[in-house]
Amino acid sequence: MGAEPCQTVAMLLILTNSADVTADYLADRLRQAGQSYVRLDTDLLVESLIFEFSAYSPRICFDGCQLTPEDIHAVWYRRPEPLKSKNLSRTAEGRWALDEWAEALEAFLSFIPKERWFNHPVYESLASRKLEQLCIARSVGLSVPDTLVTQSEATLTSFFRSHPEGIIIKPLSRGYVEREGGDDSVIYTSRVTIRDLVDLHDLESCPTFFQAEIQKQFDVRVTFVDGDWHGVKLTSSDELGRQVCDIRINNMEDVSYEPVLLPENVQDGLKRLVSHYKLRFAAIDLAASLTGDWVFFEINPGGQWAWQDLAGGMDIYKSFLRAFA
Amino acid sequence: MAAAFCLRYQERCSLGDLSSILAGTETMTKTVTEGSDTDRKPYLRAVPVTRRLGSQTQTFINTEASDQDFSPYGSRAVPNRRHAPDSHQ
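Chains as they are written, first to last, in this note's numbering: chain A, 1 to 325; chain B, 1 to 89.
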């Protein structure tokens, strides 16, 4: 291939896209710490990378550097997207060629053992279903809200009546509605009121996610990085002095951050949870209720974390530096 | 028929809603944000694929059903810089 092997034998591979600001953030810290890495942005790499497979071994070459799977001691699986190329994406033949590219690169990556990944996409996929997460969390001893997904008016009405503390609604997949032209919208976790139940004609159209509302003292974001646990208390009040239903509202400008230690039983449950899913990284959402119970909401195996360093004074990046060293 | 009850709760998305938490870091020259925690992460294909029933041991290789028969879920792939950090109750 005409390129020399990289000088550093053991290399961190960051697999993401060029707009991933979290990767920017950590890459900067890696450079400051003198830790080497290779970043592959899926929207840019086709123009800059050469692939070859021969003698039963794949290699990639870019920037004059040649890498084999054996050179990769860790993969940070961040936010790869379908491959793009300004030259190839325009035509059917070009898109076919991108699929060939994808197959070649995925073949290269498949040579890297799963235990070197943060997280391997297989494990990430298996850990990414909210409803299944709730069942696993419950089985490992975590407290979870009573949950209903339904298309039935009668079932929803009954669920509402059985929870005088209130119920909430939130998206099952993602809280973002994209429109052509950029007139997008977001769907936050919201309280369901009695008025919402007057006309439920659109409920039957789509499975909809409801939970008993937890009367929260504060939200908690737990970030797990290869054995390190970072818990941060997120506090933000509404006009009535209650913890807000969804801490993301108002651009999170009203949120205050405070490191928090997890109760032993909660940490034990979370350890079992990440172990169950074989995750080396996870971002986990919980809340402490007014009665002191810690309630699990969901686990995000590819969740965001850099905002806690930058807005909340945390040092989560240090766990990544240690894990990738 | 309306698409979904949950859509009643959508709000217009302004830049302020996008949780531009990382804006202003030294690595950026414009306001961008971290993506959603719940974004599905397609792998490298133009049409992302996942294994079908029977095995979920590989999500980034072809499907069980057929070497050529992909199960696309690309409509769930969204730009990762445009969302708030996660889903909270």
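No wet-lab data here; the hints were simulated from the structure.
Beta carbons: idealized from backbone N, C-alpha and C, even for Gly.
Check the hints yourself; a few may be wrong.
[Said to hold, decoys possible] To give an idea of the chain A side of the interface with chain B (calculated C-beta under 7 Å), a few residues:
#1 Ser190
#2 Asn300
#3 Gln304
[Said to hold, decoys possible] Covered stretches of chain A, going by a simulated chain B footprint (3 or more residues, C-beta under 8 Å):
#4 175 to 186
#5 192 to 203
#6 206 to 213
Outcome of the hint check:
no.: 1; hint: Ser190; result: holds, 4 Å
no.: 2; hint: Asn300; result: holds, 4 Å
no.: 3; hint: Gln304; result: holds, 4 Å
no.: 4; hint: 175 to 186; result: holds (count 8)
no.: 5; hint: 192 to 203; result: holds (count 5)
no.: 6; hint: 206 to 213; result: holds (count 5)
This entry satisfies every hint, going by the numbered hints stated previously.
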